[in-house]
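Protein chains in written order, with our numbering: chain A, 1 to 333; chain B, 1 to 279.
It should be emphasised that the hints constitute simulated quantities derived from the structure, not laboratory data.
Predicted model only: the values in this text are computed from it and were never measured.
Glycine is no exception: its CB is placed at the ideal position from the N, C-alpha and C atoms.
Fair warning: there could be bad hints in the mix.
Cβ pair distances, simulated, as ranges [unchecked claim]:
| id | chain 1 | residue 1 | chain 2 | residue 2 | range |
| --- | --- | --- | --- | --- | --- |
| 1 | B | L206 | A | S195 | 40 to 48 angstroms |
| 2 | B | K77 | A | V204 | 30 to 38 angstroms |
| 3 | A | D297 | B | L279 | 28 to 36 angstroms |
| 4 | A | P189 | B | A249 | 29 to 37 angstroms |
| 5 | A | E20 | B | S248 | 26 to 34 angstroms |
| 6 | B | T204 | A | V204 | 26 to 34 angstroms |
| 7 | B | E262 | A | E20 | 26 to 34 angstroms |
| 8 | A | S195 | B | A125 | 31 to 39 angstroms |
| 9 | B | L206 | A | K208 | 20 to 28 angstroms |
| 10 | B | D228 | A | S195 | 26 to 34 angstroms |
Reference listing, derived: stretches of chain B covered by chain A, where coverage requires no fewer than 3 residues with Cβ under 8 angstroms from a Cβ of chain A [said to hold, decoys possible]:
| id | stretch |
| --- | --- |
| 11 | 24 to 37 |
| 12 | 65 to 71 |
| 13 | 104 to 114 |
| 14 | 170 to 178 |
| 15 | 226 to 238 |
| 16 | 249 to 255 |
| 17 | 267 to 274 |
Residue strings, one per chain:
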Amino acid sequence: MATHQNGGSGGVLLFSENPETVGELLTLGRELASRLHRPLIVAAVGRNAQALLDEGLARGADEVLAVRDSQGDGIVPDESIATALCEAIRASAPAVVLVGATRTGAELAARTAQMLQIPCASSCVALEMDDAGNLSVDRRVYGGRFVSRQLLNIAPRMVTVPPKRFPRAEKVSELHGSIQELQVELPAPRIKTMSVNPRSHSQVDISKAEVIISAGRGVKKMEDLQLLEKLAKLLGGVLAGSRPLTGDVDWLPVDRRIGLSGQTVKPNLYIACGISGQIEHIVGMKGARTVVAINNDAKAPIHGEADYSVIGDLYEVVPALIQACEKAMGKVG
Amino acid sequence: MTAAGIASVPSILVCVKFVPDPAQLQAEPLTGRPDLKRSPFRISTFDENAIEAALQLAAEHGGRAVAMSLCAQLPPKDVVLKALAMGVAAVYLVKDEERLARDPLRVATVLAATARTIAARESLAQWDLVICGEASADEYNQQVGPRLAAALNLPAITYATGLTLLNGVLRAERAIEDRSETLEVNVPALVTVGTEINTARMPTVLQIMGAGRKPMVELTLAELTGLDIDQLKAFPAVEVLDVFSPPSARKQVTIKGESADEIAAELLRRLGTDGEVTL
Ligand SMILES: Cc1cc2nc3c(=O)[nH]c(=O)nc-3n(C[C@H](O)[C@H](O)[C@H](O)COP(=O)(O)OP(=O)(O)OC[C@H]3O[C@@H](n4cnc5c(N)ncnc54)[C@H](O)[C@@H]3O)c2cc1C
Ligand SMILES: Nc1ncnc2c1ncn2[C@@H]1O[C@H](COP(=O)(O)O)[C@@H](O)[C@H]1O
Numbered sequence: 001m002a003t004h005q006n007g008g009s010g011g012v013l014l015f016s017e018n019p020e021t022v023g024e025l026l027t028l029g030r031e032l033a034s035r036l037h038r039p040l041i042v043a044a045v046g047r048n049a050q051a052l053l054d055e056g057l058a059r060g061a062d063e064v065l066a067v068r069d070s071q072g073d074g075i076v077p078d079e080s081i082a083t084a085l086c087e088a089i090r091a092s093a094p095a096v097v098l099v100g101a102t103r104t105g106a107e108l109a110a111r112t113a114q115m116l117q118i119p120c121a122s123s124c125v126a127l128e129m130d131d132a133g134n135l136s137v138d139r140r141v142y143g144g145r146f147v148s149r150q151l152l153n154i155a156p157r158m159v160t161v162p163p164k165r166f167p168r169a170e171k172v173s174e175l176h177g178s179i180q181e182l183q184v185e186l187p188a189p190r191i192k193t194m195s196v197n198p199r200s201h202s203q204v205d206i207s208k209a210e211v212i213i214s215a216g217r218g219v220k221k222m223e224d225l226q227l228l229e230k231l232a233k234l235l236g237g238v239l240a241g242s243r244p245l246t247g248d249v250d251w252l253p254v255d256r257r258i259g260l261s262g263q264t265v266k267p268n269l270y271i272a273c274g275i276s277g278q279i280e281h282i283v284g285m286k287g288a289r290t291v292v293a294i295n296n297d298a299k300a301p302i303h304g305e306a307d308y309s310v311i312g313d314l315y316e317v318v319p320a321l322i323q324a325c326e327k328a329m330g331k332v333g
Numbered sequence: 001m002t003a004a005g006i007a008s009v010p011s012i013l014v015c016v017k018f019v020p021d022p023a024q025l026q027a028e029p030l031t032g033r034p035d036l037k038r039s040p041f042r043i044s045t046f047d048e049n050a051i052e053a054a055l056q057l058a059a060e061h062g063g064r065a066v067a068m069s070l071c072a073q074l075p076p077k078d079v080v081l082k083a084l085a086m087g088v089a090a091v092y093l094v095k096d097e098e099r100l101a102r103d104p105l106r107v108a109t110v111l112a113a114t115a116r117t118i119a120a121r122e123s124l125a126q127w128d129l130v131i132c133g134e135a136s137a138d139e140y141n142q143q144v145g146p147r148l149a150a151a152l153n154l155p156a157i158t159y160a161t162g163l164t165l166l167n168g169v170l171r172a173e174r175a176i177e178d179r180s181e182t183l184e185v186n187v188p189a190l191v192t193v194g195t196e197i198n199t200a201r202m203p204t205v206l207q208i209m210g211a212g213r214k215p216m217v218e219l220t221l222a223e224l225t226g227l228d229i230d231q232l233k234a235f236p237a238v239e240v241l242d243v244f245s246p247p248s249a250r251k252q253v254t255i256k257g258e259s260a261d262e263i264a265a266e267l268l269r270r271l272g273t274d275g276e277v278t279l
């Protein structure tokens, strides 16, 4: 019972495995669908299929395409989801396909696009559609130092968009979307999941923080992060970090990573402590209003990206800053 | 080489992209575009980790790791030598002077044909393992790995943080945003890796000198078996309109003082004046 079998929807099809990201893609998707005067469709497939369906309808999708395994099982492995997405795209023949650029989304988009033999523009930070429906997108290249503006002029125009790039669409007061079912046949999964462990995640959303104290490899031990945490508290900010601290070692949850492979932040104040300032990091904090760099290497590139540079040992400077803050707040002498 | 997926001596293919080093690439003063002619090249960061992962598995099982790279222009020789010096047995360079393979769809299609071509040259029925970086340092598409898996009809494990191979079964640790997973798959398979998986070795001068004797094989697109060049040209494309550097304007004031306390006080005063800190 596929939709739009004749002629295709010419609309906007969106997918993310994460319901919150679906909410964000609906904001962008609605804008594009209105320009095209075509439907906005959410593909609901995977472990969270029901939540994706609910989110789609609640936040204004015109249609939810619920993809079901013809064997009746849930569609869980990524390889199966990619096959399901191929079928969803074939069935709805959209002008634009939006996928959330999480790690899972990046893989699914790439695999799906190759199976369909179509291009895909990854991690687009800006999108613009002209009246003919052509989509021009901005992507970060060369570590983020440059922006590449690219044009997708043949449907389906597939792009991935980083999470948190757009606000979540508002809930609609009256549900108007329809649910269409799509049965697909799936190949036997080849990858077996032996175990799954949740990774720690934060209570705070660093993309919304006004003050960020950011830690790099200049911080020698995990315990030393408490020093930075203390400064963050005093300034009403949150702690974040560079890729090494949020991946190579798990001193901070990965959702606190700033940069090309992490989040883009725009705080009023960004204090980089022991961060060298490689371009892949800088691209995530370029939007900060004021940047402070604390680094004992005068040649570290971070100094070129800072409003205020302190060339010194963070183990001396940060405690001094903490003391100065406490003094200013009247806590100490 | 494998019979029915039993990899006693695994054959490993690593995808290596040679890129202008993003840390050293400058903008042309007049146009703001990247000055690619003057930028030094390097092995794309995560591909060094891919090489390292391949070498570790090969060393453990007595297998062989070979690298392939698709290049619009041949990279400087010393950068290719570095891959050989790290320990890969051979580097295959596919020259694409016309730049027909200019997006991940085309790159993966050409690399799939390359993988088949090299396997035949190396007298292998198939590659047990193909390893890619999770993303290239210049384009950051995060696409070519999973696309190549699709093109070769291989299962893909992306963002692997640990790999072990036992009796033809690849066990991988994998980390995504909200969870880590342990997965198993029968080889042949493709994996993508980032810096989390290992620390790539730095070849010694001796190794680099010795590497000159290892095979560095150049191929053209026309030499790749099963590649349909007309199809490649006909694929829908993404057109690059412009590449530019967004302007950045920071004050770049160095805060000086006799002591850490003086510096801290001065920094707070400045931030207070700017309205960023109110205590
Ligand atoms: C494709 C790709 C994507 C990437 N994505 C990201 C990303 O999203 N985010 C990210 O951060 N990185 C990312 N990276 C990695 C990036 O290139 C750098 O390797 C990383 O940002 C370096 O982290 P760092 O500054 O903490 O460590 P380092 O580069 O090791 O710098 C540590 C700094 O601390 C200073 N220091 C040491 N001791 C002290 C002290 N006592 N007091 C003060 N300063 C001190 C040193 O002078 C040095 O400058 C990516 C890389 C690639 C290739
Ligand atoms: N031209 C190329 N030659 C060889 N391998 C490549 C090439 N382009 C991409 N790759 C591989 O695919 C990975 C991901 O690249 P990308 O999809 O461009 O981010 C890289 O880390 C390489 O392992």
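Legend entry - Pairwise beta carbon distance, E262 (chain B) to E20 (chain A), judged against the given window 26 to 34 angstroms: violated (46 angstroms)
Inset, instruction - Starting from the range 26 to 34 angstroms, see whether the pair T204 (chain B) and V204 (chain A) falls in it by beta-carbon distance. - result: violated (46 angstroms)
Inset, instruction - State whether the coverage of the stretch 267 to 274 of chain B by chain A holds or is violated, taking the criterion as 3 or more residues with Cβ-Cβ distances under 8 angstroms. - result: Since three or more residues must qualify, the claim that chain A covers the stretch 267 to 274 of chain B holds, with 5 doing so at under 8 angstroms.
Legend entry - Verdict on chain A covering the stretch 170 to 178 of chain B, criterion of 3 CB contacts below 8 angstroms: It holds, with 5 qualifying residues against the three required.
Inset, instruction - Could you say whether the range 29 to 37 angstroms given as a hint is met by the Cβ separation of P189 (chain A) and A249 (chain B)? - result: violated (52 angstroms)
Legend entry - Whether chain A covers the stretch 104 to 114 of chain B (at least 3 residues having a Cβ closer than 8 angstroms to its Cβ atoms): It holds, with 3 qualifying residues against the three required.
Legend entry - Coverage criterion applied to the stretch 65 to 71 of chain B (partner chain A; beta-carbon cut 8 angstroms; 3 residues): It is violated, with 0 qualifying residues against the three required.
Legend entry - Stated coverage of the stretch 24 to 37 of chain B by chain A [criterion: 3+ residues, CB within 8 angstroms]: With 4 residues in contact (Cβ-Cβ under 8 angstroms with chain A), the coverage given for the stretch 24 to 37 of chain B holds.
Legend entry - 8 angstroms C-beta criterion, at least three residues: is the stretch 249 to 255 of chain B covered by chain A: holds (count 6)
Legend entry - Whether chain A covers the stretch 226 to 238 of chain B (at least 3 residues having a Cβ closer than 8 angstroms to its Cβ atoms): Holds, because 4 residues of the stretch 226 to 238 of chain B bring their Cβ atoms closer than 8 angstroms to Cβ atoms of chain A.
Inset, instruction - Starting from the hint 30 to 38 angstroms, judge whether the C-beta atoms of K77 (chain B) and V204 (chain A) obey it. - result: Hint violated: Cβ distance 49 angstroms, outside 30 to 38 angstroms.
Inset, instruction - With respect to the beta-carbon atoms only, verify the hint that L206 (chain B) and S195 (chain A) lie 40 to 48 angstroms apart. - result: holds (43 angstroms)
Of the numbered hints given earlier, the model fails hints 2, 4, 6, 7, 9, 10, 12; all others are met.
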